[in-house]
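Asker: Chains as they are written, first to last, in the working numbering: chain V, 1 to 133; chain W, 1 to 133.
A few of these clues could be false.
Said to hold, decoys possible - Quick list of the computed label-pair ranges, beta carbon to beta carbon: (1) V:N32 to W:A52: 18 to 26 Å; (2) W:D43 to V:A52: 23 to 31 Å; (3) W:P128 to V:S44: 20 to 28 Å; (4) V:S49 to W:A45: 23 to 31 Å; (5) V:T124 to W:K131: 18 to 26 Å.
To be verified - A partial selection of chain W residues facing chain V, derived with a Cβ cut-off under 10 Å: (6) L71; (7) D91; (8) P102; (9) L118; (10) V121.
Stated by the list, open to error - Partner residues aside, some chain W positions facing chain V, computed with beta carbon under 10 Å: (11) L64; (12) V68; (13) L69; (14) E122.
Bear in mind the hints are in silico, worked out from the structure with no lab data behind them.
Ideal Cβ positions, reconstructed from N, Cα and C, are used throughout, including at glycine.
One letter stands for each residue in the lines below.
There are 2 protein chains.
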Amino acid sequence: MKTLKTNLACLIIIIFMMPLYFCGNDKPQHKNQMVRLAKLVIDSAQLDSYNAFLKEEIEASIRLEPGVLTLYAVSEKNNPTRITILEIYADSAAYRLHVQTPHFLKYKTGTKDMVRSLELVETTPLIPEMKIK
Amino acid sequence: MKTLKTNLACLIIIIFMMPLYFCGNDKPQHKNQMVRLAKLVIDSAQLDSYNAFLKEEIEASIRLEPGVLTLYAVSEKNNPTRITILEIYADSAAYRLHVQTPHFLKYKTGTKDMVRSLELVETTPLIPEMKIK
Chain V
1 MKTLKTNLAC LIIIIFMMPL YFCGNDKPQH KNQMVRLAKL VIDSAQLDSY
51 NAFLKEEIEA SIRLEPGVLT LYAVSEKNNP TRITILEIYA DSAAYRLHVQ
101 TPHFLKYKTG TKDMVRSLEL VETTPLIPEM KIK
Chain W
1 MKTLKTNLAC LIIIIFMMPL YFCGNDKPQH KNQMVRLAKL VIDSAQLDSY
51 NAFLKEEIEA SIRLEPGVLT LYAVSEKNNP TRITILEIYA DSAAYRLHVQ
101 TPHFLKYKTG TKDMVRSLEL VETTPLIPEM KIK
C-alpha cells in the first residue's frame, strides 16, 4: 500500500512537472537566438556571380548546420544590387561555428571583390517563434 | 486481357505523370509569391503601444489568413524605433485580402499617428522555398 502511494505521488509530480519541462526546453531556444539583418550593395558587373556564390553558401549552411535557422535573402526589384539577408542563428555559438565552415569561407573569399558595402544590423524579433508557412 | 493491358498502361502513365503533378503544384506557389520589406520609423514616445498593435495584427494574420506566409518583424537593437518587416504573401490576391481584414484595418487606423515614416520595398527572394527551422 505504501509503494502504491509512493508511485501515485511520483506520477502526480511527473504530470505537473511535464509542462515546465517543455516550456523550459522551448523558451531558452528562442531567448538565445541571434537575429540580424545583413545589408549589402554588390558591384553590378558581378551580380550574377555574387548571387551564385551566395545561393551555394546558403544552401550548404541550411543543409549542414542545425544552428543556422534561416538565411532569407532578397534583392530589391528596383535595384537588384541591394541585397538584404534576414539571418537567424540558434545562438551565438552556432554563429561562431558558421563563420568557420568551409562553405562560408569559400563565399567570403570568393565574393570579397564583389561586395561594395556591408552593414550588419543586430535586431530583436517582435515574435521570436515566427516561422514561414 | 485487353482491359489488363489498358489498366497497366494507365498505371504507367499515372506513375510517370505524378512527379510532374507535384512539381506543377509546387512551382507556381512560389512563382506567384509577393515578398516585400516594410521599413518603418516609429515615434519613440509611442513605441510600446505601436509594438502591441503590430504584434496583435501579425498574430491574427498568421492565424486567420492561409495566404499570409510570414510577417517577420524585427527592431534594430541600437535604435528600436527602426522596424523592418519581411512580408511574404502566397500571391497578390492574398495581399489584397489581407489589407481588407478587420485586424489589418484596426492596426492601420490605430497606429496612423505613431508611424513617422513607411517605405515598402518590393523584392525578389534568392531562394523562394526558404523556411525558418
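Asker: Look at each hint and say if it fits the structure.
Answerer: Each hint tested on the structure:
1. V:N32 to W:A52: 18 to 26 Å: holds, 25 Å
2. W:D43 to V:A52: 23 to 31 Å: violated, 43 Å
3. W:P128 to V:S44: 20 to 28 Å: holds, 23 Å
4. V:S49 to W:A45: 23 to 31 Å: This hint is violated: roughly 47 Å between Cβ atoms.
5. V:T124 to W:K131: 18 to 26 Å: The hinted range 18 to 26 Å holds for T124 (chain V) and K131 (chain W), with Cβ atoms some 21 Å apart.
6. L71: holds, 7 Å
7. D91: With a minimum Cβ separation of about 13 Å from chain V (threshold 10 Å), the hint on D91 (chain W) is violated.
8. P102: Since the shortest Cβ distance to chain V is 20 Å, the answer is violated.
9. L118: Cβ of L118 (chain W) sits 16 Å from chain V, so the hint is violated.
10. V121: holds, 6 Å
11. L64: Since the shortest Cβ distance to chain V is 12 Å, the answer is violated.
12. V68: Because about 8 Å separates V68 (chain W) from the closest Cβ in chain V, which is inside the 10 Å limit, the hint holds.
13. L69: holds, 5 Å
14. E122: Holds. Min distance 4 Å.
Hints 2, 4, 7, 8, 9, 11 from the list above are not met by this structure, while the remaining hints are.
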